[in-house]
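There are 2 protein chains.
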Amino acid sequence: MRSVYLAGPDVFLPNAKQVGKRKVDLCTQHGFRGLFPLDNELDEPPGGPRAHGLAIYGGNVEMMRRADVILANLSPFRGPSADVGTVFEVGFFAGLGRPVFAYSNDSRGFAERTRDSFGLDATASVDKAGLSIERFDLQDNLMLPGAVTASGGSWVSKESKGTQKLAAFEAFEEVLVAMRGFADSRPTLAVANR
Amino acid sequence: MRSVYLAGPDVFLPNAKQVGKRKVDLCTQHGFRGLFPLDNELDEPPGGPRAHGLAIYGGNVEMMRRADVILANLSPFRGPSADVGTVFEVGFFAGLGRPVFAYSNDSRGFAERTRDSFGLDATASVDKAGLSIERFDLQDNLMLPGAVTASGGSWVSKESKGTQKLAAFEAFEEVLVAMRGFADSRPTLAVANR
Chain L
1 MRSVYLAGPD
11 VFLPNAKQVG
21 KRKVDLCTQH
31 GFRGLFPLDN
41 ELDEPPGGPR
51 AHGLAIYGGN
61 VEMMRRADVI
71 LANLSPFRGP
81 SADVGTVFEV
91 GFFAGLGRPV
101 FAYSNDSRGF
111 AERTRDSFGL
121 DATASVDKAG
131 LSIERFDLQD
141 NLMLPGAVTA
151 SGGSWVSKES
161 KGTQKLAAFE
171 AFEEVLVAMR
181 GFADSRPTLA
191 VANR
Chain V
1 MRSVYLAGPD
11 VFLPNAKQVG
21 KRKVDLCTQH
31 GFRGLFPLDN
41 ELDEPPGGPR
51 AHGLAIYGGN
61 VEMMRRADVI
71 LANLSPFRGP
81 SADVGTVFEV
91 GFFAGLGRPV
101 FAYSNDSRGF
111 AERTRDSFGL
121 DATASVDKAG
131 LSIERFDLQD
141 NLMLPGAVTA
151 SGGSWVSKES
161 KGTQKLAAFE
171 AFEEVLVAMR
181 GFADSRPTLA
191 VANR
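Chains as they are written, first to last, in the numbering used here: chain L, 1 to 194; chain V, 1 to 194.
Don't take every hint at face value.
What the hints assert, rightly or not - With the Cβ distance kept under 10 Å, some of the chain V side facing chain L (calculated, not the full set):
{"no.": "1", "residue": "Pro46"}
{"no.": "2", "residue": "Gly48"}
{"no.": "3", "residue": "Gly85"}
Note that these hints are calculated values from the structure, not bench results.
For each residue, glycine too, the CB sits at the ideal point set by N, CA and C.
Please build the complete structure, drawing on both the sequences and the hints.
Given below as structure tokens:
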């Protein structure tokens, strides 16, 4: 069985556990073991909130090491780009040399989304602070599609709406199919699985 | 000589080359070889903007592999969190098992900065979309200070102002001193250096 680390800002949803459970079930239906970092499940250790946050880091890293692949929800989060916790985890898998798959609830390109976020017109090449806007016709900062492409993964973007928008189930289901094709053609993929 | 990968949104500044040069010079003064990913220096390859973006990814990954340590500018970028390109690179070093050092131009905690960004009052535990706000008394999403702490690195936050604000030179100079202390106590640090 191939293990998949389910990274995403889903953990910040009020119904994070439910969303996680549904994603893990969908993974099972596609022949994957889904690992979902349920931040909220950890009891607060002695030492206060900082120690708690750092303990969650350790738990997430341990879970990532047990996963063969990352499947990252790179939907925009509080701005034009993806959630930085998720992005960190994508980088971690790239550093480990393991495949990166991604999905998003937003099908605009990064430049367009950045301009829309800040009310800039379609020709703007810099934001209001004079900082340049990436012009590479990619889904987000180039490091993210870069990691997906370099590792042989896939990125699916598909509009989602409603209260479940951030969970991006439409794109999630579609990228699972692509990931299954990838895994089936690589019987040695599960080497990282412990 | 220990090599340091200088990650940060500095590459989006109009005077990115100058800023990079000054940071590399400061590294040299502290006994480090600074590697600065000057995105803008790559000539556009055939294949258009997507191919160009993906080629920069490859160049940055190659440069990261040659560095012993990452020194990441995690100043807030277009929202309450750090630039996702930089965050990806922090994750990459964590995945490689190499030390992570960070600095920022903003000394607020992540919860306070998130609330300020969206005009929420000081007791808000969720944002306007009902998504929870991290409550760990850390500098940004817990994965970032988690990686710094777990690797034995340091994070320095110090207010910067003016047109050079995003470059965060004040915090940069201070974290360089901490990094030198770290490197001096680890003579085998430069093993990654090729």
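For each hint, the structure was consulted:
For Pro46(V), the suggested interface contact is broken, since its CB lies about 15 Å from the closest CB of chain L, more than 10 Å. Look at Gly48(V): its Cβ gets to within about 7 Å of chain L, closer than 10 Å, so that hint holds up. This hint holds: Gly85(V) has a C-beta 4 Å from the nearest C-beta of chain L, less than the 10 Å allowed.
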